Amino acid sequence: MKGAQAILEFLVQQGVDKVFGYPGGAIMPLYDALLDSPVQHYLCRHEQGAAFAAIGYARSTNQVGVCIATSGPGATNLLTSLADAKLDSVPLVMITGQVARAAMGSDAFQEVDVLGLSLSICKHSMQVLEPQDLVPCLQKAFQIAREGRPGPVLVDIPKDILTGLVPASPEACKDYSIPEHSDQDLQVANQLISSSERPVLYIGGGVGMANAVAELRDLIQRTGLPQVCTLKGLGSAESEHPLYLGMLGMHGLAAANLSVQQCDLLIAVGARLDDRVTGKLDEFAPHAKLIHIDIDPAEIHKRRRADVSLLGDLKRILPMLGKEQVKQPWQQWVSDLKASKAFPYAEDNSPGQIDAPQLLRQLSDMSADDAIVSCDVGQHQMWVAQHMRFSQPTCHLSSGGLGTMGFGLPAAIGAQVANPGTQVIAVCGDGSFMMNVQELGTLRRYQMPVKILILDNQRLGMVKQWQELFHEERYSETDLSDNPEFSRLAAAFDIASDVIHCRSQVADALARMLAHQGPYLLHVQLDHKDNVWPIVPPNTANHQMWEQPK
Amino acid sequence: MNYQLDMLLSDQPAVLERVLQTTRYRGFKVDSMQMQPASKQMRVSMQVSGQQPISLLTSQLHKLYDLASLECQAQLARNSELQSA
Ligand SMILES: Cc1ncc(C[n+]2csc(CCOP(=O)(O)OP(=O)(O)O)c2C)c(N)n1
Ligand SMILES: [Mg+2]
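Each protein sequence line maps, in turn, to chains A and B. The opening position of the first sequence corresponds to residue 1 in the working numbering, with each subsequent residue numbered one higher. The opening position of the second sequence corresponds to residue 1 in the working numbering, with each subsequent residue numbered one higher.
In case anyone wonders, no lab produced these hints; they're calculated from the structure. Among these hints, one or two may not hold up.
[To be verified] Derived lysine-lysine pairs resembling PhoX-like cross-links, with alpha carbons at most 20 Å apart:
1. A:LYS550 x A:LYS341
2. A:LYS86 x A:LYS323
3. A:LYS289 x A:LYS341
4. A:LYS289 x A:LYS302
5. A:LYS289 x B:LYS29
6. A:LYS529 x A:LYS550
7. B:LYS40 x A:LYS302
8. B:LYS29 x A:LYS140
9. A:LYS86 x B:LYS63
10. A:LYS323 x B:LYS29
11. A:LYS174 x B:LYS29
12. A:LYS289 x A:LYS327
13. B:LYS63 x A:LYS280
14. A:LYS2 x A:LYS86
15. A:LYS140 x A:LYS174
16. A:LYS280 x A:LYS315
[Said to hold, decoys possible] To spell it out: a stretch of chain B is covered by chain A in this simulated footprint if at least three of its residues, at any positions, have a beta carbon under 8 Å from a beta carbon of chain A; those stretches are:
17. 13-19
18. 58-68
Only a predicted model underlies this, so the values are computations on that prediction, with no experimental measurement involved. C-beta: ideal position from N, C-alpha, C; glycine also.
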């Protein structure tokens with residue numbers, strides 16, 4: 001069998017029937033073989049878009065996403081998405097074509113050292129140098145992408161290996177050994193929990209990726225632990241729980257940050273004490289002991305010494321944790337705090353400018369329970385995280401670690417491919433949307449019913465907010481008041497659209513958007529003066545956040 | 001602080017780059033390095049120095065798929081430094 005066919009057969013065996021990509025010279029043999037394969041290929045309009053679509057596919061399903069690109073510019077266009085997947089631990093396999101082996105190292109046409117470029121931004125990468133290594137490399141790639149802490153793997157394949165014959169039978173893969181915690185550490189952790197007066201559960205993206213949402217919710221039920229979530233942890237805990245406090249960190253909700261700053265025990269589950277979460281590290285949860293539970297040993301003690309660490313599969317650890325209810329005075333304190341810091345949503349029909357937090361809350365209430373929401377990066381991303389509620393972590397797709405503008409639309413496309421019957425909404429910034437706007441072409445081609453909501457403040461809003469607050473209002477290159485007319489852009493792709501600018505239009509416009517059968521773009525014009533609150537200024541402790549000026 | 005790292009690596013393309021890149025990125029400097037082939041593997045010894053806890057580096061090196069084993073020892077300051085002190 002030819003290499004190209006062997007790849008596709010292998011994908012079918014892995015249960016991969018949908019891939020994203022973009023063709024070109026070195027990868028042409030694979031595209032040729034696709035014509036005779038049951039694997040369905042989605043042509044995106046930029047390799048970055050294809051890879052974000054694969055990320056959307058992976059994050060909305062917890063399955064490996066696959067994308068394909070040609071050598072040279074195709075491969076370099078993938079790199080941003082590769083780094084995005086690395087920082088958010090997304091299981092991804094990227095296949096790149098390479099020039100034929102005989103030409104390698106000669107600065108051949110469209111030759112770049114993609115293996116070298118990939119090293120620091122993926123979980124692993126391989127270049128196939130012998131035909132018999134092709135299938136074993138792919139097998140290893142899938143295994144590595146999935147096992148332990150997930151991540152992206154790149155496989156670079158020279159053209160002559162795609163066209164030449166390769167043996168089909170894959171080797172047996174080595175078993176992955178999950179790191180194991182000791183019984184003693186488990187005991188110590190449980191003792192810390194039962195002796196603590198003021199514990200808080202700090203939930204990261206690891207919970208969802210370990211498929212441990214049910215186990216986490218059980219733990220919360222058993223113990224009544226107050227909970228905060230990272231950006232990637234949103235959707236893991238039940239947002240209706242009385243002691244659920246929402247997101248913590250730089251744009252965390254006040255009650256979430258204040259509870260963590262007050263707690264005497266922080267239980268980090270699948271979280272990595274990222275700097276956007278901790279604020280000034282020395283003053284983060286200053287009275288707390290730390291129990292750190294994760295599958296990746298490298299995260300333990302990396303940013304803060306853990307008093308106890310439990311390594312391993314969260315799905316197995318969480319049921320062994322916490323037996324009794326958290327002490328009543330603390331539950332009461334947290335619940336009072338939550339009530340006093342509740343976000344003051346504006347009254348529904350008050351006249352005037354659209355308030356993005358209120359609109360997003362309304363959208364959250366009106367959309368399906370299992371709706372998948374992707375977003376771009378900036379103020380609107382933080383508003384989505386603060387004000388929308390998610391039933392599962394797979395329902396919220398946001399570029400966390402890398403914070404990549406242009407993520408929202410292609411990620412939504414990938415999520416819609418993976419979940420054809422599900423409502424998928426991309427909440428985009430006017431700046432970010434233009435970074436992968438070409439993917440409107442993908443929507444048009446496949447007529448996917450993705451709903452695009454552009455929160456247009458005619459600014460690179462988040463940067464503008466920093467210029468306003470921390471750079472003496474010196475607005476450098478953040479004005480986008482010459483944005484294109486987004487509905488005309490949609491019309492060029494035969495996508496239905498609407499534009500709104502005042503509060504009284506919101507409810508009807510959202511209802512029309514959600515009821516529309518095909519793809520749809522809702523252009524929401526905002527006041528550029530609006531900012532995201534609260535904000536923890538750089539180098540400041542989280543309890544010293546600035547709240548919304550009255 | 002100075003450390004001696006003894007590694008057994010599978011003889012894959014880019015394996016040295018991975019080790020060196022990880023070492024640099026995690027804040028350590030390579031002071032000297034020796035390597036020796038060992039059937040399908042290679043033995044690499046590296047002397048590194050840096051201010052951070054060495055576990056920040058070793059825990060990341062352990063993640064490299066081409067790393068078969070790693071031993072790490074803290075080293076006393078080098079002789080020359082001892083003499084001049
Ligand atoms: C690729 C990329 N370039 C630059 C940035 C820096 N950045 C972060 S937020 C932001 C502004 C985003 O503007 P917009 O998409 O309109 O969102 P808003 O903040 O206005 O809601 C910029 C430029 C980034 N995160 N990603
Ligand atoms: Mg904007």
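Keeping to a limit of 20 Å between CA atoms, is the pair of LYS140 (chain A) and LYS174 (chain A) held or broken?
holds, 9 Å
Holds or violated: LYS323 (chain A) with LYS29 (chain B), Cα cutoff 20 Å?
Given that 20 Å is the threshold and the Cα spacing comes to 47 Å, the pair is violated.
Holds or violated: LYS86 (chain A) and LYS63 (chain B), Cα atoms, limit 20 Å.
Holds - the C-alpha atoms of LYS63 (chain B) and LYS86 (chain A) are around 13 Å apart, at most 20 Å.
Quick one, are LYS29 (chain B) and LYS140 (chain A) close enough, alpha carbons at most 20 Å?
It is violated: about 31 Å lies between the C-alpha atoms, which goes past 20 Å.
Chain A over the region 58-68 of chain B, status - at least 3 residues with CB closer than 8 Å
Coverage by chain A holds for the region 58-68 of chain B (5 residues, Cβ < 8 Å).
Is LYS289 (chain A) within 20 Å of LYS327 (chain A), Cα to Cα?
holds, 17 Å
Below or equal to 20 Å on CA atoms is what counts here, so check LYS86 (chain A) against LYS323 (chain A).
violated, 35 Å
Are the Cα positions of LYS289 (chain A) and LYS29 (chain B) separated by 20 Å at most?
violated, 33 Å
Hint check: LYS63 (chain B) vs LYS280 (chain A), CA-CA at most 20 Å. Holds or violated?
With Cα atoms ~28 Å apart, LYS63 (chain B) and LYS280 (chain A) exceed 20 Å; violated.
Are 3 or more residues of the region 13-19 of chain B near chain A, judged by a Cβ distance of less than 8 Å?
Since 4 is at least three, the answer is holds.
20 Å Cα cutoff - pair LYS289 (chain A), LYS341 (chain A):
Roughly 25 Å between the alpha carbons, so the hint for LYS289 (chain A) and LYS341 (chain A) is violated.
Hey, LYS529 (chain A) versus LYS550 (chain A), does the alpha-carbon distance stay inside 20 Å?
holds, 14 Å
Violated hints, listed in ascending order, are 2, 3, 5, 7, 8, 10, 11, 13, 14, 16; each of the other numbered hints is respected by the structure.
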